[in-house]
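If you're matching them up, the sequences are chains S and Z in order. If you use the UniProt record's numbering, the first sequence corresponds to residues 1 to 357, in order. If you use the UniProt record's numbering, the second sequence corresponds to residues 1 to 329, in order.
Honestly, the hints are just simulated from the structure, not real lab data. Among these hints, one or two may not hold up.
In silico EDC-like pairs for lysine to aspartate or glutamate, Cα to Cα no more than 20 Å straight-line [what the hints assert, rightly or not]:
{"no.": "1", "chain 1": "S", "residue 1": "K223", "chain 2": "S", "residue 2": "E195"}
{"no.": "2", "chain 1": "Z", "residue 1": "K107", "chain 2": "Z", "residue 2": "E130"}
{"no.": "3", "chain 1": "Z", "residue 1": "K114", "chain 2": "S", "residue 2": "E80"}
{"no.": "4", "chain 1": "S", "residue 1": "K316", "chain 2": "Z", "residue 2": "E285"}
{"no.": "5", "chain 1": "S", "residue 1": "K309", "chain 2": "Z", "residue 2": "E147"}
{"no.": "6", "chain 1": "S", "residue 1": "K248", "chain 2": "Z", "residue 2": "D310"}
{"no.": "7", "chain 1": "S", "residue 1": "K331", "chain 2": "Z", "residue 2": "E173"}
{"no.": "8", "chain 1": "S", "residue 1": "K331", "chain 2": "Z", "residue 2": "E84"}
{"no.": "9", "chain 1": "S", "residue 1": "K129", "chain 2": "Z", "residue 2": "D94"}
{"no.": "10", "chain 1": "S", "residue 1": "K331", "chain 2": "Z", "residue 2": "E106"}
{"no.": "11", "chain 1": "Z", "residue 1": "K114", "chain 2": "S", "residue 2": "E123"}
{"no.": "12", "chain 1": "Z", "residue 1": "K232", "chain 2": "S", "residue 2": "D243"}
{"no.": "13", "chain 1": "S", "residue 1": "K331", "chain 2": "Z", "residue 2": "E274"}
{"no.": "14", "chain 1": "Z", "residue 1": "K113", "chain 2": "S", "residue 2": "E119"}
{"no.": "15", "chain 1": "Z", "residue 1": "K163", "chain 2": "S", "residue 2": "D36"}
{"no.": "16", "chain 1": "S", "residue 1": "K129", "chain 2": "Z", "residue 2": "D101"}
{"no.": "17", "chain 1": "S", "residue 1": "K248", "chain 2": "Z", "residue 2": "E276"}
{"no.": "18", "chain 1": "Z", "residue 1": "K107", "chain 2": "S", "residue 2": "D264"}
{"no.": "19", "chain 1": "S", "residue 1": "K47", "chain 2": "S", "residue 2": "E123"}
{"no.": "20", "chain 1": "Z", "residue 1": "K24", "chain 2": "Z", "residue 2": "E147"}
{"no.": "21", "chain 1": "S", "residue 1": "K331", "chain 2": "Z", "residue 2": "E280"}
{"no.": "22", "chain 1": "S", "residue 1": "K57", "chain 2": "S", "residue 2": "E80"}
{"no.": "23", "chain 1": "S", "residue 1": "K248", "chain 2": "Z", "residue 2": "E285"}
{"no.": "24", "chain 1": "Z", "residue 1": "K107", "chain 2": "S", "residue 2": "E119"}
{"no.": "25", "chain 1": "S", "residue 1": "K129", "chain 2": "S", "residue 2": "E281"}
{"no.": "26", "chain 1": "S", "residue 1": "K129", "chain 2": "Z", "residue 2": "E196"}
{"no.": "27", "chain 1": "Z", "residue 1": "K24", "chain 2": "S", "residue 2": "D264"}
{"no.": "28", "chain 1": "S", "residue 1": "K214", "chain 2": "S", "residue 2": "D229"}
{"no.": "29", "chain 1": "Z", "residue 1": "K114", "chain 2": "S", "residue 2": "E119"}
{"no.": "30", "chain 1": "S", "residue 1": "K316", "chain 2": "Z", "residue 2": "E106"}
{"no.": "31", "chain 1": "Z", "residue 1": "K311", "chain 2": "S", "residue 2": "E80"}
{"no.": "32", "chain 1": "Z", "residue 1": "K140", "chain 2": "Z", "residue 2": "E193"}
{"no.": "33", "chain 1": "Z", "residue 1": "K289", "chain 2": "S", "residue 2": "D264"}
{"no.": "34", "chain 1": "Z", "residue 1": "K113", "chain 2": "Z", "residue 2": "D94"}
{"no.": "35", "chain 1": "S", "residue 1": "K129", "chain 2": "Z", "residue 2": "E106"}
A short, non-exhaustive set of chain Z residues, derived as facing chain S with CB atoms under 7 Å [stated by the list, open to error]:
{"no.": "36", "residue": "L28"}
{"no.": "37", "residue": "I145"}
{"no.": "38", "residue": "H187"}
{"no.": "39", "residue": "S201"}
{"no.": "40", "residue": "G251"}
Model, not experiment: these values are computed from the prediction. Cβ atoms here follow ideal geometry from the backbone N, Cα and C, with glycine treated the same way.
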Amino acid sequence: MEGSSSAIAKKTWELENNILTVEPPDSASDGIFHYDDAAQAKIQQEKPWASDPNYFKRVQISALALLKMVVHARSGGTIEIMGLMQGKTDGDTIIVMDAFALPVEGTETRVNAQADAYEYMVEYSQTNKLAGRLENVVGWYHSHPGYGCWLSGIDVSTQMLNQQYQEPFLAVVIDPTRTVSAGKVEIGAFRTYPEGHKISDDHVSEYQTIPLNKIEDFGVHCKQYYSLDITYFKSSLDSHLLDLLWNKYWVNTLSSSPLLGNGDYVAGQISDLAEKLEQAESQLSHSKFGSLAPAGFQRRKEDESQLAKITRDSAKITVEQVHGLMSQVIKDILFNSSRQSNKPSSDPSDPEPMITS
Amino acid sequence: MTSAGKTSRATSMAPSSSSGLTFKLHPLVMLNISDHFTRVKTQLNPPAASCATGNGSSNADAMLLQNPRVYGCVIGLQSGRTVEIFNSFELLFDPTTDTLDRSFLEKKQELYKKVFPNFYILGWYSTGSEATESDMHIHKALMDINESPIYVLLNPAMNHAQKDLPVTIYESEFHVIDGIPQSIFVHTSYTIETVEAERISVDHVAHLKPSDGGSAATQLAAHLTGIHSAIKMLHSRIKVLYQYLVSMQKGDIPCENSLLRQVSSLLRSLPAAESEQFHENFLMEYNDKLLMSYLAMITNCASNMNEVVDKFNIAYDRNSRRGGRTAFM
């Protein structure tokens with residue numbers, strides 16, 4: 001009855017959105033959790049990544065690692081945090097099994113901080129091996145609270161250093177603020193190109209909203225690394241637990257209020273957008289006079305795309321806000337509509353859109 | 001809802017606790033334990049292993065290989081009467097002395113203190129189907145770190161008929177049994193607590209939602225589907241309560257006053273927020289969002305207009321020196 005109609009609805013949605021149904025993991029597929037020492041050592045010797053800078057193309061992150069990284073990132077608030085990831089490689093895929101936090105303060109001089117962290121890392125890895133986690137450190141993650149998933153100049157140089165001495169190594173960036181605001185996980189996985197490597201110009205990376213004060217840093221270095229596709233996996237026990245967890249969890253889903261928690265961030269986004277708009281406007285007015293010269297065509301194209309970018313950003317912010325508002329309205333209807341017994345005059349299911357103050 | 005069931009389900013060794021503490025468990029802890037168990041299990045049973053080993057060993061050994069017991073420590077915060085379990089880490093178990101490796105525990109505790117300075121050790125965890133006598137030894141050993149440690153037990157057997165989480169939390173209490181004061185394990189109930197970020201990532205992994213941008217339609221669909229399933233759960237729960245009350249009215253089930261009181265207080269708490277101030281804030285928020293979407297639409301229109309004007313200028317540019325342009329007119 002209810003079950004089948006929801007199943008049909010789910011199938012329709014999946015079909016429309018080309019969702020690849022991943023078979024729920026059973027015990028047989030838990031093989032990914034097995035650490036094969038000999039195979040890993042062999043891969044380390046062969047080093048297939050040394051010849052091809054684009055060798056690693058995909059990343060598989062375990063449910064546990066994702067949860068730990070996101071929770072750690074969020075707990076830092078507006079301070080960047082960092083940590084390390086443990087895992088292994090499998091062909092052109094880097095598999096991240098676990099993650100742990102490093103006791104360093106997020107500062108711009110993160111390269112120095114890594115030296116302190118080495119001691120912690122060594123001790124942690126040793127104790128972990130005793131406790132049965134046999135994988136090696138396979139990458140590092142850090143957070144960019146509120147300004148998107150990309151590598152800054154310092155991140156790029158750190159990662160290039162890592163890729164010289166600690167291959168195979170992966171860089172992951174998480175934005176906990178955008179995660180909460182958008183309702184989905186903002187995460188990116190990157191590998192840098194070696195010094196002097198030129199990527200083909202038609203390589204288009206996914207567009208991102210970057211705040212004005214960081215956009216220069218982004219632009220200078222964005223061609224020095226590429227991003228990898230991320231997929232997630234979980235064990236059979238994990239999915240069983242998560243299914244059961246839903247029985248308790250639905251309360252949290254319904255009661256979550258993304259609008260309330262992220263007010264500062266949204267205000268920041270809007271003012272940033274306003275600044276960008278002013279910049280674009282001043283450039284546009286210049287181009288009006290420069291339109292006589294043929295060179296004006298080039299500039300105009302840039303400004304167009306700038307305005308288009310601003311439009312895309314504003315659409316994105318608005319969509320997130322509207323989603324949050326939808327949740328609020330739904331909750332209001334669900335839990336407050338017994339108001340009608342007390343206020344017979346107003347229409348309870350439709351709050352008046354415009355308030356006159 | 002299900003807490004009534006939990007407290008009434010009593011085994012011979014674990015009546016319900018009377019300490020009055022409320023326990024909150026984070027999903028991260030459960031995933032930690034599950035991951036620990038899966039890892040140990042797959043290391044013991046490598047996927048490429050031949051079946052011959054299974055034939056040779058006895059039944060008991062095979063059982064142990066299938067379900068190894070893992071041990072670890074849970075950490076978190078205790079404030080007043082609320083105990084919140086945030087995280088956990090693995091520990092070494094020494095089968096000869098039947099205790100946990102103490103120095104290892106202390107080393108790990110130090111490491112975790114550096115990263116999470118607020119958390120301290122609340123107890124320990126293990127996997128299995130129920131608490132055994134030997135667990136009491138381990139429990140007592142931890143009592144010098146925390147005078148009332150808790151024991152979190154996860155049952156890794158995947159029983160699909162079971163609707164409840166296979167996680168139970170035990171406390172130890174002194175009870176007089178057969179005239180001898182002993183400490184035994186007692187059940188406590190717990191709730192699942194989460195922060196927004198945790199909820200989103202759990203949701204993400206549990207339902208494998210579209211991870212990258214996708215179109216606005218898929219995002220909207222994903223968001224609404226989540227809310228829809230939550231509302232469905234709410235509806236089914238309310239139906240259960242309703243049917244229970246109806247059968248109580250008919251007389252099929254004996255009247256239970258405490259439950260009736262709970263239901264009545266629940267109903268009286270609706271509407272959830274009714275003050276003038278809430279209404280005003282709500283409408284203000286609503287208007288803000290409408291204003292935002294209006295601004296976004298205006299920006300979109302301005303950008304489109306800009307493009308049109310530029311294209312028009314390029315196509316009908318009369319001032320250009322290029323020959324042949326005027327032919328467009």
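Here is what the structure says about each hint:
no.	hint	result
1	S:K223 with S:E195	holds, 11 Å
2	Z:K107 with Z:E130	violated, 29 Å
3	Z:K114 with S:E80	holds, 16 Å
4	S:K316 with Z:E285	holds, 18 Å
5	S:K309 with Z:E147	violated, 59 Å
6	S:K248 with Z:D310	violated, 56 Å
7	S:K331 with Z:E173	violated, 42 Å
8	S:K331 with Z:E84	violated, 27 Å
9	S:K129 with Z:D94	holds, 16 Å
10	S:K331 with Z:E106	violated, 47 Å
11	Z:K114 with S:E123	holds, 12 Å
12	Z:K232 with S:D243	holds, 15 Å
13	S:K331 with Z:E274	holds, 13 Å
14	Z:K113 with S:E119	holds, 15 Å
15	Z:K163 with S:D36	violated, 36 Å
16	S:K129 with Z:D101	holds, 15 Å
17	S:K248 with Z:E276	violated, 32 Å
18	Z:K107 with S:D264	violated, 40 Å
19	S:K47 with S:E123	violated, 26 Å
20	Z:K24 with Z:E147	holds, 19 Å
21	S:K331 with Z:E280	holds, 16 Å
22	S:K57 with S:E80	violated, 26 Å
23	S:K248 with Z:E285	violated, 29 Å
24	Z:K107 with S:E119	holds, 13 Å
25	S:K129 with S:E281	violated, 58 Å
26	S:K129 with Z:E196	violated, 32 Å
27	Z:K24 with S:D264	violated, 29 Å
28	S:K214 with S:D229	violated, 24 Å
29	Z:K114 with S:E119	holds, 12 Å
30	S:K316 with Z:E106	violated, 48 Å
31	Z:K311 with S:E80	violated, 44 Å
32	Z:K140 with Z:E193	violated, 28 Å
33	Z:K289 with S:D264	holds, 15 Å
34	Z:K113 with Z:D94	violated, 24 Å
35	S:K129 with Z:E106	holds, 16 Å
36	L28	holds, 5 Å
37	I145	violated, 18 Å
38	H187	violated, 17 Å
39	S201	holds, 4 Å
40	G251	violated, 28 Å
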